[in-house]
Amino acid sequence: MCLAVPGKAVRIIDSKQVEVLVGNIKKIIRTDLLPEIEEGDYLLIHAGYAITKINQKEADEVSRAWEEVQY
Amino acid sequence: MGGSAILKYRDEYRNKDLCQSIIKRITELTKEKVNIMEVCGTHTVSIFRSGLKELLPENINLISGPGCPVCVTPIAAIDHIIALAREKDTIIVTFGDMVNVPGTSSSLKKEKANGADILIIYSPFQVIEIARKYPEKKVILIGIGFETTTPLLASVILEVAERQIDNFYLFSLAKIMPPIMQTLLQKKDAVIDGFLCPGHVSAIIGTKPYEFIPDNYHIPCVIAGFEPGDILIGIYHIIQQNINKKSFVENKYQRVVKKEGNPVALRKMAEVFNEVDSTWRGIGNVKKSGLDLKEKYASMNARNLKVKIEKSREHPDCRCGEVLRGIITPLQCPLFRKICTPENPIGACMVSSEGSCAAYYKYNSV
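Top line first, the protein sequences correspond to chains H and F.
Residues 1 to 71 (my numbering) make up the first sequence, in order.
Residues 1 to 366 (my numbering) make up the second sequence, in order.
Among these hints, one or two may not hold up.
Stated by the list, open to error - Which chain H residues stay away from chain F? Per the calculated CB distances, all over 12 angstroms, these: (1) 11; (2) 12; (3) 38; (4) 39; (5) 60.
To be verified - Okay, derived cross-link-like pairs now, EDC-like style, lysine to aspartate or glutamate, Cα gap no bigger than 16 angstroms in a straight line: (6) H/16 with F/260; (7) H/53 with F/260; (8) H/16 with F/159; (9) F/8 with H/60.
Rather than coming from a laboratory, the hints here were simulated on the basis of the structure.
Glycine included, C-beta positions come from ideal geometry on N, C-alpha and C.
In isolation and in its complexed conformation, chain H is listed as follows (with noise of 0.2 angstroms):
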């Protein structure tokens, strides 16, 4: 139930409302707990819900994870 999937802010709608994509899914969600959402933010969303930003430059880094378990 802590299911949550990776959508992009693509319109700010209102103070408690923003319009995200979600692969090719446009949807309409709360930003009651992410109160200072900028357009072009990835944001993680759960039930609906902006749960947190995520954080771009750590998620570019796919790579380090990987360096990280190699000899």
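On the provided structure of chain H, position chain F as indicated by the hints.
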């Protein structure tokens, strides 16, 4: 991928080469048996769906803990909700997983067939529209979940209070993760050499609430995401901590989890809920492991509605409790796959898609 759209920041962590290289390294490093417990149902499902149990060496023992909120809900609470559903002036609003959970003599699914108003939602926020649409009804949201979901419930409560909606009620089944992890360590029912900590609970609570585990019990805690690559990286670092004989809280889901968690969410939770003692199915009462509404919001508390609840009784052979504590696997339960199936679940662990029994049923052919 089955033709579905690529999800940035998810699919990179499903990379086959990444996974194989970590498995190879884990295999080389693991000389002795290591027992790793995951305490999140979403981890459980991901482990089974990706086949990690079969891909990892035999001496890595992955144990599913009490990470499925539906599974840990005591049968008495299910019977209480069923009693509320039987009232003529109520609408029960719930996540889908709860509908099939068997109570003592019924389930929400059976009550729905008998005419009860039971609505399944995707987001707790939908309850506000339902309450406005049916002002003559008591609209009761079944508030189930761990810290990932609880802030959503708190937001709904605050929104209801702001909009002065007076026919909304919450039946809180909200639970907190760290106290149950402590209880498992104190009970010592299962040998645990490391915890794979729940990534999305941690997105809310941060890293600090786990620190007592390495500090007091010297057991590694690694926060991990939910893709196969994330989970393998988590397992790898638990093994590394054990080899180095240094236990600490390690955040390997940095793209999502911050040290401080989500302060706005934590503030809303604290504004709405009190920590209370809570009963966990198969485990018993655990101090300060649940959340119920503060006195300020008592008028919204569905537990205050008077209903006649039947005396609860569990199936005598159901061993969900031992499964939840990691003492046995579902395969050791005499009911598993015989009379307890997803179509006819006896225990909650077979109902929820995140339950250990359901995962074993679906993915484990042994």
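Against the structure, the hints:
no., hint, verdict
1, 11, "holds (18 angstroms)"
2, 12, "holds (17 angstroms)"
3, 38, "holds (16 angstroms)"
4, 39, "holds (16 angstroms)"
5, 60, "violated (9 angstroms)"
6, H/16 with F/260, "violated (23 angstroms)"
7, H/53 with F/260, "holds (13 angstroms)"
8, H/16 with F/159, "holds (11 angstroms)"
9, F/8 with H/60, "holds (10 angstroms)"
Violation of the numbered hints given earlier is confined to hints 5, 6; the remaining hints are satisfied by the structure.
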